[in-house]
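> Assemble chain B onto chain A, guided by the hints.
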Amino acid sequence: MRNHQQIIDDLVLFAMRELPEQQASEMRRHLEDCDACRRELSEINSDMAVLALSSVGPTPPQRSRERLLTAVKAEPRRVKRFVMHRPWWSFVPSFAAVVLAIFGLLLWRENTGLHRRLDAFPQTSAQQQADLERARLVLEALTSPETSHFALVATKSQPVPEGRASYLEKNGTLVFTAQHLPSLPLEKTYQLWLIPATGSVPMPFGIFKPDAHGDASLVLTKIDREKKVPAKMFAVTVEPEGGSQTPTMPIIMASRWGTAPSS
Amino acid sequence: MSSATSRKDQPQVTDSMLISRIRSGDEDALAALHDRYSQVVYSVAMRVLGETTQAEDILQEIFLQLWRNPQTFDSNRGSLGAWLAVIARHRAIDYVRRRRPECGIEDVIVAVDTRLEQTTDRSMIIAKIRAAVERLPIEQRKPLEMAFFEGLTHSEISSKRGEPLGTVKTRIRAALLSLRKVLAA
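Going down the list, the sequences are from chains A and B.
Residue numbering for the first sequence follows this note's numbering, starting at 1 and increasing by one per position.
Residue numbering for the second sequence follows this note's numbering, starting at 1 and increasing by one per position.
Calculated from the structure, these hints are not laboratory results.
Built from N, CA and C at the ideal position, the CB exists for glycine as well.
One should not assume that every hint holds.
Negatives, chain A to chain B, calculated, CB over 10 Å [as the list claims (entries may be wrong)]:
1) E32
2) S42
3) L105
Listed below are several chain A residues computed to face chain B (Cβ distance under 7 Å; list not exhaustive) [claimed, not checked]:
4) P20
5) M48
6) A49
7) V50
8) A52
9) S55
10) P60
11) R65
12) E66
The following block holds chain A by itself, in its conformation from the complex (with noise of 0.2 Å):
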């Protein structure tokens, strides 16, 4: 490793280009870092500047001129700059010029905006008209005393099963009519039950089986004294051959007292 004096020493040979490359590079690494020798090479370039201006003295010919400028002429146009050195509120007026673009440019931007909502709005209000329109038949449809209502079902579905009891507490009599029941095995029947009003367990007011076409009746006279309890409500389940002394769950059909359906 070379120390400092050998590298200044070495300053001269690196101006004049006699220095190793590998040792130029090296000197070229230093010199990005220090300072000092790179004042002492400016200054040894300048005694070599001196000395070769002392080698001044014959003129170039002209043709050296006139080949320069040809050479020039041949050379890509280059574009002109024009470098001006300008104090900072010259720069005003072309920041303002560059503000009010902006300013300009998001005015417009609104204005283009508005004119595309404007342009849309007939077709929007149009069809506001249609909707509305359309909401006023449809509400005098269905309130019109002229409209005729029909209900429709399903053709081919199911009748549902229902059926209408009468119950007569003080007598002790029971009337009980049902439809659209679906027939049952053999081993199986219905069983009405009466939910007492006190709360208590239902309590088993009869089996019977529908005929042919789903219906079943049941009547009931001189019921038994524990049996005359208000009712809540009744309820028909599917219990063995013979009932049972508790309903067997899912319920067929249930009815609140007083809410039986119309016939």
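Just chain B now, with coordinates in the frame of chain A:
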């Protein structure tokens, strides 16, 4: 100098102004700089090469390079005339050594701030320098000129002159310091 020189080499037009105009693509500005410094570049090349054709080639190369890359000269880093003189020497030495030109013009920083822009000043300064060089002791001036104008290495000079390498180095260094004092005075 040509007649164009006297017409364009106006004192109030500085080198920096001409360089700025060259950056803008002004061919007249390049012509003005050529009028101002072609003698410097050509003379240095002639001194090294001793042959006019190659000297003209070097003159052409350097000013074309200045036209293509005017930004490589920074007026804050020294005199354009001094800078061109050093560049001309390096290019001519490359010719002598028959090697590819490797002197990037941006590589050279010249600290001297001598006014060479005006013809009268330039002539006076050059006369002063020439006198200073002639006053150098012959044992200093000769190895310096061998190294600078002939492109000989210090070892080659040592061998040719039969002097120790260290002595050659010392004398060249001393000669350069003497010249430094010329313009400082």
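> Does each hint fit the structure? Answer for all of them.
Results of checking the hints against the structure:
Distance to chain B confirms E32 (chain A) as a non-interface residue, since its nearest Cβ pair spans about 13 Å, more than 10 Å. Its closest Cβ contact with chain B, about 4 Å, brings S42 (chain A) to no more than 10 Å, contrary to its assignment away from the interface. Interface exclusion of L105 (chain A) from chain B stands, the closest Cβ pair being 33 Å apart, more than 10 Å. The criterion of a C-beta within 7 Å of any C-beta in chain B is not met by P20 (chain A), whose closest approach is roughly 10 Å, and the hint is violated.
At about 6 Å, the closest approach between the beta carbon of M48 (chain A) and any beta carbon in chain B falls short of 7 Å, and the interface hint on this residue holds. Because the beta carbon of A49 (chain A) sits about 4 Å from the nearest beta carbon in chain B, less than 7 Å, this interface hint is met. Annotation: interface hint on V50 (chain A) holds; nearest CB of chain B at approximately 5 Å, less than 7 Å. The criterion of a C-beta within 7 Å of any C-beta in chain B is met by A52 (chain A), whose closest approach is roughly 4 Å, and the hint holds.
For S55 (chain A), the interface hint holds, the least distance from its beta-carbon to any beta-carbon of chain B being 4 Å, beneath 7 Å. For P60 (chain A), the shortest C-beta to C-beta distance to chain B is roughly 4 Å, which falls under 7 Å, so the interface hint holds. Restraint check, R65 (chain A) versus chain B: the minimum CB separation of about 6 Å is within 7 Å; hint holds. Annotation: E66 (chain A) was flagged as interfacial toward chain B, and the flag is violated, the nearest CB pair being 10 Å apart, outside 7 Å.
In this structure, the hints that do not hold are numbers 2, 4 and 12, in rising order.
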